[in-house]
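Q: Chains as they are written, first to last, in the working numbering: chain A, 13 to 262; chain B, 42 to 885.
No lab work stands behind these hints, which were simulated from the structure alone.
Bear in mind that the values here come from a model prediction, so they are computed numbers and not experimental data.
It cannot be assumed that every hint is accurate.
Cβ-to-Cβ under 8 Å is the rule here; a few derived chain A residues that face chain B [claimed, not checked]: (1) T102; (2) R103; (3) R207.
Okay, the calculated bits of chain A under chain B, using three or more residues with CB under 8 Å as the criterion [to be verified]: (4) 71-81; (5) 107-114; (6) 117-124; (7) 130-141.
We put the beta carbon where it would ideally sit given N, CA and C, even for glycine.
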Amino acid sequence: MPTTSPTISATMAARAVDAIKVYGSGDTEVHALRGVNVGFERGRFTAIMGPSGSGKSTLMHCMAGLDRLTGGEAYIGDVAISTLNDKELTRLRREKVGFIFQAYNLVPTLNARENITLPLDLGGGDIDDAWVDEVIDAVGLSDRVTHRPNELSGGQQQRVAVARALATRPDMVFGDEPTGNLDSRTSSEILTFMRSAVDELGQSIVMVTHDPISASYADRVLFLDDGKIVHELFAPTTDSVLDAIRDLGH
Amino acid sequence: MFKLVRRGIAANLGRLLLTLASVFIGVAFVSGSFVLADSLRAVFSQVSEDIFAGIDAQVQAVEPELSSGFDLPRFDGALTEDIRALDEVEYAEGGLFAFEQTYTLDDEGEVNRPLGPPVFTSSWGGPSPVSAFTLLGGEAPAGQEIAIDQLQADTAGFEIGDTLTVALPTGQPEEFTLSALIDFGEGGAGGSYFNLFDLATTQRILELEGQVDSIVVAAAPGTDTDTLLTALDAVIPEGLEARSAEDVIADQEEEFGTVIDLIGNVLLGFAIVVLFVSIFIIYNTFAILVGQRTRQLGLLRSIGASAAQVRTMMLIEAAIIGLVAAVAGLFGGIGVAWLLKQLFSTAGGAFPDGPLEIQPRTIYVVVVVGLLVTLASALIPAFRASRVSPLEAVRDGGRKERSMLFRVVSGSAVILPGLILLGFGLFADIDGTAERLAAIGVGGGLSFLGVSMLSALFAEPLGEVLGYPIEKVKGVTGRLARENASRHPQRTATTATALMIGLALISGVAVLTASLLRTFDQLLEEAIVADLFVFEENQGLPFPAVVVDELEKLPEVDAVAGFATIEARVDGEVSDVAAYETATGIEVVNVGVSQGSIDVGTGGIAVLSDRAEELGLVLGQSVEVEFEDGFVTELTVEAIYQEDGFIGAPFVVDRALSSEHVASDDVGFVGITLAEGFDITAARTAVEAAVADVAQVVVQDNSEFRAEAEEQISQLQVIVIGLLVLCLVVAFFGIVNTMALSILERIREIGLLRAVGMTRSQLRASVRWEAVIVAVFGSLLGIIMGVLLGWATVTAVPDITGLAIPWTQLVIYLVVGAILGVIAAYFPAARAARLNVLDAIAHE
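Okay, chain A solo, but in the shape it has when bound (with noise of 0.2 Å):
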């Protein structure tokens, strides 16, 4: 496992170079990204760390193509979301990318594995069955996939959102405090899996989170401030993430 910073390259799953992202204008001017340099390798589980304001937030959603950067460029494998219009980006979303939020993650009309297989329905191209199983057995839902949202817990609405986002094959899953809803055992839960998505499936994510524990799972820590990327730490442990937070001065 890599101990320094990746050389940023073509070949990484998701890059951000020189990310500026400027909200408002004149007086009301907010930088929330101050020229970001940052590569996600294939194959990793990397968490993003920061206090609110931080830009965390914002450079996952510039990075995933749900914002456009103010300055910089943001690439998922080697396309630059930037020269992207609507419609293609849609795609990549669609295509490129999966997506866990923190809540209301599943659409209530649709069960558990239309709401899996959504956005290979939406791409409208043959669904392989078989991947899309062995997904649903992956994250222990075999036999629910026949419930719709409300009639399945919060740790299995996550599930099964998690099992969506890996259903594309993306080339990067972004999670959004994926398990900030959930109670402790829920979330070692669903990040055990995730970790194993990675581990197994050569799955890439990234995740924003404040909590350490959750931290932890990843291999990589990045953390913002103000905009910038002020420390990162390798295969961190709890203990380690809250030194560091602690030596930030948060």
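Following the hints, put chain B in place on chain A, whose structure we already have.
A: What follows is chain B alone, placed relative to chain A:
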């Protein structure tokens, strides 16, 4: 609390505006019907006053009990001289007035006439203190001269000095020189045409030598009306009466009033239907708004607001909307009235010009109606809002849907009395149209309400079925549309209700008109033996019987009969009586004689079997018949017949008898069978030539006759459906509103869908198909209801015997419903597609 109300309205302005629009349409229509009726009433009383300017009294025949024509009874004009001789009289003038008797002809020999209003013939001696006509230019007509109204002159392109050919009741057109242009009162012609001649000429061409139908009188200076009337009473013979101008004006206003009230009430009826439809829309909007604000309301409750305060807050919000809509509707109504006036004018029924009248009554009614409708619709949501518990502020509770059982019980509790009342209104033996209409209206309203409540039960399964093909074709987009449409069955059902009612009424009318046509077809098939018909082209008005004589002379004609409907007293009861040449009539019309022979001759009468039973008349018995001229005779029952559909009367006498005793010898239509051995086309040309001098008539065969009837029935249908389209407009707003509100509820879900790769166009399609499912659901229910309603009506009306269901039209309505859904979804869909993904996901 008012602050909360204000904020509530401000926050939901867009959707409340749409709600407002649906109240507005209904209210504007109510206001429009009042304003139109009041304005017409004002204008017509102005016209009456203009016409009677300078007149103090009028002498006319006492209105007879039996009257077969449209015109007043005539009397000897010599009376005018006796009246002029009275000291109390300054001026007196006898006049003769006739309905649809003379027509000016155009270059092709066709009659000039307006589309709706009638053509009048009148005597006119030129401007005088008592004349109803105003001279616009030229000289009063004398001898072979004619004066016509400005409208007719403009339309036909006549100028003073032109020689006009005029079709006359004598059957011999004559030429007259146009000497003057006139106006009736001042701008009071109302689209009618007037042909004026001097009195002697009028008497000659109407074949009423020496006769008049009224004498208008101006009192000598210093003579009051009562004295004048007493003096007149002394000279006029029995059967005539002298009345003051005030009384005559009042009578005329009442007569106009009846017609105007009818127009006003028909419009008001449509307005009520539209309002009824909008109740569902308003209810839905408030219900959804309450659902969306559950959290906020719970918070209010938890910080100490009482249930009553929450309820009041909701109701005040509704009251403000209602008030704004009512005021807007009041003014909108003025626009509606103006539009309707223009519409009537272009349809040929020009109303005299006049300002639009806004009576205080209109303002009260409109404001009260707007407020009440909105408040009533908001009542249930307001109570639901007040039942929100403080706990629901913290719990993220979805809306609770009502239980199945509750829906079945409450829906049935509404629909059953509704159906009973509707059935009662349609089938029961009720005296009085108002009571019958009230029963049908209230029963129909309750039935619709009940169907709406029950339809929530099939909203889900039917939504699934309707969505199935869409899902097959459109994949997951269609699947989402289908799921969303059946997500809130009550909401879908209520939204669809507005469309259902509109389309139910439209389909009902379609079934009714199709059945009318089918009945007419059956009638033609069974009752008609004639090869050709002659009738007045425009409105089937009576025309001179001289046509019959002309046709009898033709060798090509085998049998001819002229059919008139007169009024007579048969066995003590006033009744319509058909009069035609009974000897030849049998070869023209089949009335289904079951006993005896229809050739009743001048001493006999034929009786419809039902009526014979009622009166206890049997073949060979004699019955007393009194004609309008007072002639009483005993006629022998020579025949009993079964079918009155075509001749439209329960008795038949021979025209040779009746024409001796009625003032007007006009017939409604003439039927002809052609002799064998003649070429049909040539024979027809001969017939056409023979009737050419009575220019207002046309010759048609069975299929043309049918086409004509079909066109008239269709025209009526178009007008009724045109008014009902307003219901569809309201329903359309309802779909827009519900879709917009539903999307607002689903913003986060939409954000998620977009995030995981739904394109904008897929999102739009999904919203669109959802609206289509809701719309088709409503349309389907509406069409089914409409067919049932039409069927019930056809069964209830004994005169309509052939039920016909116009499938093609119904399918078109279904497609129109679906298209309405597509259009209604446009803005909500565009709005959903425009949402920023991140904002949508973060939306609370």
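Q: Are the hints correct? Go through all of them and say.
A: Status of each hint after checking the structure:
A cut of 8 Å between beta carbons decides the hint on A/T102: the least distance to chain B is about 5 Å, and the hint holds. About 7 Å separates the beta-carbon of A/R103 from the nearest beta-carbon of chain B, less than 8 Å, and the hint is met. Because the closest C-beta pair between A/R207 and chain B is about 23 Å apart, greater than 8 Å, the hint is violated. Here's how the segment 71-81 of chain A fares: 3 of its residues keep a CB closer than 8 Å to some CB of chain B, so the rule of at least three is met and the hint holds.
Requiring three or more residues with a Cβ within less than 8 Å of a Cβ of chain B, the coverage given for the segment 107-114 of chain A holds, as 3 such residues are present. For the segment 117-124 of chain A, the proposed coverage by chain B is satisfied: 6 residues have a C-beta within less than 8 Å of a C-beta in that chain, meeting the threshold of three. Here's how the segment 130-141 of chain A fares: 6 of its residues keep a CB closer than 8 Å to some CB of chain B, so the rule of at least three is met and the hint holds.
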